[in-house]
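Given next are the chains, with one letter for each unit.
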Amino acid sequence: MLQVEKKTIPGEIDVYVLPTEKFKTVLVSVVTRQVLSRELASKTALLPSVLERGSRDYPTYRDLMTRLEELYGAGFSSDVLKKGEKQVLSFSLEVINDLYAPGKELLQQGVSMLQSVIDQPLLENGGFKHMYVEQEKEQLAKEIKGLINDKVNYALERCVQEMCGTEPFGIFKYGSIEELEQITPEHLYNYYRQLMAENPLDIYIVGELNPDEAFKIAEDAFARANGERRREMPPDMVHNIPRDVRYHEEKLPVNQGKLTLGYRTNTTYSDDDYVSLLFYNGILGSFPHSKLFQNVREKASLAYYAFSRLEKHKGIQLIGSGIELQNYKLALEIIMEQVEDIKKGEINREEMENTRRGLINQYKIIADSPYSMLSLSLDGLLGGRQEGVDYYIRKLEEIDVDDVVAAANKVYLDTVYFLRAEEEVKA
Amino acid sequence: MSKLMEWSIQENELLQEKIYHTVLDPGLNLYILPKKGYNKKYAIFSTRFGSIDNHFRVSGNGEEVISVPDGVAHFLEHKLFEDEEGNVFDRFAAYGASTNAFTSFTNTTYLFSCTEFFPENFELLLEFVQSPFFTEESVAKEQGIIQQEIRMYEDNPQWRVYFNLLSILYSSHPVRNDIAGSFESINKITKDILYKCYHTFYHPLNMALFVTGDVSPEQVGAQVAGSLASRTFKPLAGIERFYPTEDETVLQQKITQSLAVSQPIVNIGYKDNYNNLSGRELLQRELTMEILLEMIFGKSESLYNSLYEEGLIDEKFSAGYVAECTYGYTLMGGETRDPEKLHARILEGIEGVRKNGLDEKTFHRHRRKMQGEFLRSFNSLEFIANNYLAYRFRDIDFFEIYSLLGDISMPAVEKMLQEHFQEERHAISIINPV
Numbered sequence: 001m002l003q004v005e006k007k008t009i010p011g012e013i014d015v016y017v018l019p020t021e022k023f024k025t026v027l028v029s030v031v032t033r034q035v036l037s038r039e040l041a042s043k044t045a046l047l048p049s050v051l052e053r054g055s056r057d058y059p060t061y062r063d064l065m066t067r068l069e070e071l072y073g074a075g076f077s078s079d080v081l082k083k084g085e086k087q088v089l090s091f092s093l094e095v096i097n098d099l100y101a102p103g104k105e106l107l108q109q110g111v112s113m114l115q116s117v118i119d120q121p122l123l124e125n126g127g128f129k130h131m132y133v134e135q136e137k138e139q140l141a142k143e144i145k146g147l148i149n150d151k152v153n154y155a156l157e158r159c160v161q162e163m164c165g166t167e168p169f170g171i172f173k174y175g176s177i178e179e180l181e182q183i184t185p186e187h188l189y190n191y192y193r194q195l196m197a198e199n200p201l202d203i204y205i206v207g208e209l210n211p212d213e214a215f216k217i218a219e220d221a222f223a224r225a226n227g228e229r230r231r232e233m234p235p236d237m238v239h240n241i242p243r244d245v246r247y248h249e250e251k252l253p254v255n256q257g258k259l260t261l262g263y264r265t266n267t268t269y270s271d272d273d274y275v276s277l278l279f280y281n282g283i284l285g286s287f288p289h290s291k292l293f294q295n296v297r298e299k300a301s302l303a304y305y306a307f308s309r310l311e312k313h314k315g316i317q318l319i320g321s322g323i324e325l326q327n328y329k330l331a332l333e334i335i336m337e338q339v340e341d342i343k344k345g346e347i348n349r350e351e352m353e354n355t356r357r358g359l360i361n362q363y364k365i366i367a368d369s370p371y372s373m374l375s376l377s378l379d380g381l382l383g384g385r386q387e388g389v390d391y392y393i394r395k396l397e398e399i400d401v402d403d404v405v406a407a408a409n410k411v412y413l414d415t416v417y418f419l420r421a422e423e424e425v426k427a
Numbered sequence: 001m002s003k004l005m006e007w008s009i010q011e012n013e014l015l016q017e018k019i020y021h022t023v024l025d026p027g028l029n030l031y032i033l034p035k036k037g038y039n040k041k042y043a044i045f046s047t048r049f050g051s052i053d054n055h056f057r058v059s060g061n062g063e064e065v066i067s068v069p070d071g072v073a074h075f076l077e078h079k080l081f082e083d084e085e086g087n088v089f090d091r092f093a094a095y096g097a098s099t100n101a102f103t104s105f106t107n108t109t110y111l112f113s114c115t116e117f118f119p120e121n122f123e124l125l126l127e128f129v130q131s132p133f134f135t136e137e138s139v140a141k142e143q144g145i146i147q148q149e150i151r152m153y154e155d156n157p158q159w160r161v162y163f164n165l166l167s168i169l170y171s172s173h174p175v176r177n178d179i180a181g182s183f184e185s186i187n188k189i190t191k192d193i194l195y196k197c198y199h200t201f202y203h204p205l206n207m208a209l210f211v212t213g214d215v216s217p218e219q220v221g222a223q224v225a226g227s228l229a230s231r232t233f234k235p236l237a238g239i240e241r242f243y244p245t246e247d248e249t250v251l252q253q254k255i256t257q258s259l260a261v262s263q264p265i266v267n268i269g270y271k272d273n274y275n276n277l278s279g280r281e282l283l284q285r286e287l288t289m290e291i292l293l294e295m296i297f298g299k300s301e302s303l304y305n306s307l308y309e310e311g312l313i314d315e316k317f318s319a320g321y322v323a324e325c326t327y328g329y330t331l332m333g334g335e336t337r338d339p340e341k342l343h344a345r346i347l348e349g350i351e352g353v354r355k356n357g358l359d360e361k362t363f364h365r366h367r368r369k370m371q372g373e374f375l376r377s378f379n380s381l382e383f384i385a386n387n388y389l390a391y392r393f394r395d396i397d398f399f400e401i402y403s404l405l406g407d408i409s410m411p412a413v414e415k416m417l418q419e420h421f422q423e424e425r426h427a428i429s430i431i432n433p434v
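Sequence lines, in order, name chains C and V.
Take 1 as the starting number for the first sequence in my numbering and just add one per residue.
Take 1 as the starting number for the second sequence in my numbering and just add one per residue.
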């Protein structure tokens, strides 16, 4: 279904080409990874924003942005994701395919800009430009503090922090203010050089182009001397059977309470029974036909949203719902009951088949978006298990109630977190 | 005897896309954009009924003018997902489809996407949107759910800062009210009100369908024709919507609220002063304003960069223009450490550009960027479908954006620059940390 061509270019860089005729654009993404740790998280997170401020050829942000506009509004983004106990650093460029803008050579020019940002940073006194580092530190600090502005995500993140306080996964994807303050332009640059030389480096190219041509573009821009590059990263700390359920409450001036439950799944993306877990999550809470939506929202009318989601690499499942303060007990009871029901095998045929079709549908549409294609490949890379869409569809077709029950019975409640108002403020 | 369906086919060479259009009895517009090779099929069924349509009359003899509580369009959207046999979500789920709906100020849209069983799913969409079923009990049950949706938005500072701004930018136009209404207004909604609104606004004449993916226009057309033929519709002469006369100036220039946020959040708005615009004229205005805003606030411009370097904005700062038939405004903002200073610097920035004038080369660059972004957006079926109908409802051809952008001239942008940013038509909304 999805064709993937791979080639290793000098510098021990793996280049993946995903040829497809559907899109009007070509997406190029350069990706590196780092182990999540308290010492490095802020540094890693700061890198893309500093690099994006300017390079040797485009010394200011204005120069970079002007260049993108000249390239027919090319899209450029750099990002830090937290996937399991890794930070994933990506630099992506999306240009209109030359087929739709003949003679403009947008891909060639765009990649050359991307290369400039990644490999020719703007330096002074043996470090990144001071002003950029200081300003970006301040922006990132605001970003870290700004988590609270989005209460839905804040509640999920806080639950994870309480749950994994002593594990790397408890670290916020942008690190902490304390670590951020320690960073100097020189140290940051040295760290960047080390990261680019030693950590896995992968390049993805998605679009309508000949793989050989794509490999050549990547090689011309990004090949470098072979060195000490690691090809694998250490695995995440996964298995965990909590002794007791921990309960946390946090009070803030909010109108709606946010109930969040954190579970240990003891199954991850790398495992053979990952698809059973995915199925379990579907029956519980990832669709409108799922038990959570049906029971918390449709039947009890307690919430507008009630969902479950997986952190597939770390082996965590989070349930989130926004409720009135006085409904805390009732909502918690209904949620836990849904989980117990599945563990006991109380799943009807309709729930099984609807979930199966829904999940197969999600895999089939991956090929319709360059970013989804990229994301699937990235999960394969992180999970050390590169499976194609066909593999997942085959597995999903085979799963039965027993598989789901087996996966469900490996799942343990770890933490219940409730974000709530001080007191009942509204009648 | 069924007659052959008449299609008009519109081809865009640059985009390499074709749109098929037909009108089916009793007046439903159907648009199809075949996308070869895509696995996903996406269909939307939209009505021109949004949160601002709270005061209306069916044209004709002796029809009364009706006023309905705020939030009815959104409430109706929720309720259509339930009928005598239960929950519509489950029926789509049985065919592996994912379904949803959204209500804006001006439209309500029902949608699904799927990879298999397209005809079955499409039938479900046609069926559930055309089968209202409301009881007092089901209305009461939905009130609890929508109350929690309202609560969620009460805690969302981005949402609050925006709706607070609209509530002072406008003194009487219903765009100043929340789309979902309030606890008070939704408690006034009854099944009779829902039926009345349904039978007015969900007439095929007031609706449109857009289907995209690897589908055959003939088959889709036949299916829609069959569905419509199985129902009876009263003739609809038209719907008259009434909007209060809106002042040229703003109701109030400043509004603040405190929420649990890390730093202040600001929205600044400029109200436009046209009364009723649609079609190419409206699109021209929208695109001209978008180019102008790019030229003033774009990330390649000096204003954005100095505000960023002073730590007054972050990269999520944005500026945009909204162009609906009965109202239009410019909106800009984001998080900031100092709302007053940012406000002052933005006003100075606009004044500076006004004094110094616009640069031809910059104009061409931004225009080219917008054309490129338009092209790039054609990867997404959802984007194409949702925008196509949202523009269609304003009598605008979405495909025309590219060429019309090319027609917009520097003097037109200059003119907007001189006219648009009037002191008495601007207001600021601030969310402060508690």
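Don't take each hint at face value.
Residues from chain V that face chain C, not an exhaustive set, calculated with beta carbons under 10 Å [claimed, not checked]:
(1) Asn87
(2) Glu116
(3) Pro119
(4) Thr135
(5) Asn164
Hint data in this document are derived by calculation from the structure and do not stem from the laboratory.
C-beta: ideal position from N, C-alpha, C; glycine also.
Interface hint compliance - Asn164 of chain V to chain C, C-beta minimum distance less than 10 Å: Check failed: Cβ of Asn164 of chain V comes no nearer than 15 Å to chain C, outside 10 Å.
Quick check on the hint: Glu116 of chain V CB to chain C CB, less than 10 Å? This hint holds: Glu116 of chain V lies near chain C, its Cβ roughly 7 Å from the closest one there, short of 10 Å.
Interface hint outcome for Asn87 of chain V [beta carbon to chain C under 10 Å]: This interface hint holds because 6 Å falls under the 10 Å limit.
Measuring from the C-beta of Thr135 of chain V to each C-beta in chain C, is the shortest one below 10 Å? 14 Å, violated
Does Pro119 of chain V pass the interface check with chain C, least Cβ-Cβ distance below 10 Å? With a closest approach of 15 Å, the Pro119 of chain V hint is violated.
Hint compliance for this structure: hints 3, 4 and 5 are broken, all remaining hints hold.
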